[in-house]
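Chemist: Those protein sequences? They're chains D and H, same order as listed.
Heads up: the first sequence begins at 1 in my numbering, then just goes up one per residue.
Heads up: the second sequence begins at 1 in my numbering, then just goes up one per residue.
Okay, derived cross-link-like pairs now, DMTMM-like style, lysine to aspartate or glutamate, Cα gap no bigger than 20 Å in a straight line: (1) Lys-144(H) <-> Asp-80(H); (2) Lys-67(H) <-> Asp-120(D); (3) Lys-67(H) <-> Asp-133(D).
Just so you know, the hints here were simulated from the structure itself, not pulled from any lab data.
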Amino acid sequence: MRPRLARLVRFASLALFTACSGPAPGPAAAPRPSAPPAPAAPDKLLPPSAFASIEPPAARSQALFAEASRVLLHARCVNCHPPDDSPRQGDAHAFHDPPAVRGPADRGVPAMQCGSCHQDQNLPYARVPGAPDWHLAPVEMAWLGRSSAQICAQLSDPRRNGQKTLAQIQHHLAHDALVGWGWGPGHGRSAPPGSQVELGALFQAWIDTGAVCPAGEEKRP
Amino acid sequence: MKLDVNGQAREVEADPEMPLLWVLRDLLGLTGTKYGCGEALCGACTVHLDGNAVRSCVTPVRRAAGKKIVTIEGLSPRGDHPLQQAWAELGVPQCGFCQAGQIMSAAALLAASPKPTDEEIDRSLAGNLCRCGTYVRIRAAVRKAAGV
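Let the hints inform the model, and build the full structure from the sequences given.
Modeler: Okay, structure coming up:
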């Protein structure tokens, strides 16, 4: 074989070998982290960006809901989402005193309507909490005593969320004045972590990642 | 601020956040409505706004503007509302301090539910405390006024 032809054959053989064996292996690629981020401080919420590295997206979605549920499970929220006819008050979920009841429209009964006492804003001198349209959540939306996974299932079920879309629920959480009261409850009452805006962002990110509910109950501090 | 109190147009100079009870008692001299706890916990200060019972001790007067305010003095022209008659006939009051609030709450109940059950009575009057313990007579008087 003439030298020029021999070089051509060697080049062709090398090209064929390379094409069949793929790129040469380099340093091992680092796996994308899937561990959740470090927990936020008790009074803070992690932003959606803190969960961006979690893979797969379903796990990221579940983690986003778990973070949002730190608000949903707070006493300021669940006290008005009772599974029975009695609103609760305080961080220990004591029965409402005086003994108010749900009534047919979730706003009390004659002479004991929510608006008989609760005003459109907190009353510092009387310690009565207030916000526009003070009322209970419908009983089918009960959250008190339920896990974040159970609440997530309810939120995702139109039969148990007032026939709302997830976008409508996100708008309710992010903009409703009664929801917003939770972060300004007055008279030394504890507030849920973060802010209403941050909750809205987390919930939107949960929707955007597929709205995957937690598989089970996670431990809560 | 212009108010409609017991069917009369009244005008008061008051901070919009002043409790309605203060306006009624101190500025208008309508002392039938009582001050009990000041925190919406006892019901002694109950009046009606457009027919709905409210605790006037925690109701900013601005909320009452444009609404019909009715106090115990205005419940009936001659004080002969069926509840007031039943109260007198059954001798319901003991010390009497809570009775104006009790009657105003009961009147709101009967307006919404003319023939209430005992459970409805108990639920609607649960926010009106009587330290003399006349609850049995109160319920009986509400039933009598309702004709049940």
